[in-house]
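Student: With chain P's structure known, arrange chain C on it following the hints.
Residue numbers (numbering that gives the first Met the number 0), protein chains in the order written: chain P, 0 to 135; chain C, 0 to 139.
Bear in mind the hints are in silico, worked out from the structure with no lab data behind them. Just so you know, even glycine gets a beta-carbon here, dropped at the ideal spot from N, CA and C. Do not rely on the hints blindly, as some may be mistaken.
[Said to hold, decoys possible] Going by beta-carbon spacing under 7 Å, a handful of chain C positions derived as facing chain P:
| no. | residue |
| --- | --- |
| 1 | Phe32 |
| 2 | Val34 |
| 3 | Ser110 |
| 4 | Gly114 |
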Amino acid sequence: MFGRGRLGRDEEGEPEPDLSPMIDCVFILLIFFIVTAVFVEEDGVPLPLPDDSSAVSAVQDKLTVIFTLAQDNRVAHEGKWISIDSIESIVRNTLTQDEEAPVIIQAHPQAQHGVRQRVYDAVRLAGAELVTFTQG
Amino acid sequence: MLRDGPSLAGGDEEVKPDLSPMIDCVFILLIFFIVTTVFVKEPKVAVDDPFAQTASDLEKNSIIFAVTADNKVFYDGKSIGLAGVQQVVTPLLLEKADPEDAHVIIKGDHSAYTGLIDDIGKECLAAGVAKHRITTSTQN
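Next up, chain C with everything else stripped away, as it sits in the complex:
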């Protein structure tokens, strides 16, 4: 501010603060959010996850299916049914550079049928998802 004191222009214009540090800061934030943003499609249905003490953090960038208490399979807010699982997974696997990297999370309601959960897992296996990358969500 002191340096700006004797204004060269001399007019009645106000002295402008130096904006560069703020712009730098905003750019860093911007780059951070661009890099960390993953567009995960959430099932958008309420599911009461079962409780588990042995749970661990799941991969953030995953394909998420939800199975509701009345045994409907949801993906991205739509009920797709068991037959729709492969139709969802197959194109998403093609987008991946390495299909082995694909993760699937099945958010099963605690009163959903085990048979349906297993069938979704089997559909994912048939679509080419690696066995150890199919998980079910829980709450801690």
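Next comes chain P alone, as it looks inside the complex:
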């Protein structure tokens, strides 16, 4: 305080408090928050777990499309093994008859998550809105 702020511009010659410690402090806080800021950028899709009542009503719908994912990650539809590439066209065909046709992806508990996500992605790309994951 002594002798420092005298240099102030204002003519009254009021002594200015020394701001440097406060600036140091603010800088430390600033650096702390910059360092701890994590910008988590995650992309993802919902996990459509079955709702017991809706699963029952979906099965009663005639146009329900069911894909079965076996333990060895093969996909079956209506009793036949199919390739993942054909899923999109199957779903599209059903949706032309009924836009709200539900799709059930029944996966073996030990099937791979990545394969089921590929099936799910294909179903969503085909435009299906009602998708449910069940275990089987």
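Tutor: Showing chain C alone in chain P's frame:
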């Protein structure tokens, strides 16, 4: 600078630059970082997310679980097992003003078991997370 020219003090002290605009600027940065900082606990394990074209951005402030290729469940760098999911989620829901707001991200490795992913989702449902707020992460 010109105004400071004829120094009143007249001594040999150097003319100080005006620091106020810089301080203002630093304060604005500081407030920005304080406001945007969310302390998200990351699972801290390497997970190979499956690929999806239909993915969308997920909520930033979420509870993140990771399922590794060898079917272990991780939260905040620790393997917690399926039984630990509810123990993690329940206290975090109590902290929220509105439990309906809680989001869960399950980072499943592409070769993890679907059954385990579903079971984590079911544990979260049992703990009170809304169904439509449980997501799995993907890469684009």
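Student: All hints are to be evaluated individually against the structure, with a verdict given for each.
Tutor: Okay, the hints, checked on the actual structure:
| no. | hint | verdict |
| --- | --- | --- |
| 1 | Phe32 | holds, 3 Å |
| 2 | Val34 | violated, 9 Å |
| 3 | Ser110 | holds, 5 Å |
| 4 | Gly114 | holds, 3 Å |
Checked against the numbered hints above, the structure breaks only hint 2 and satisfies the rest.
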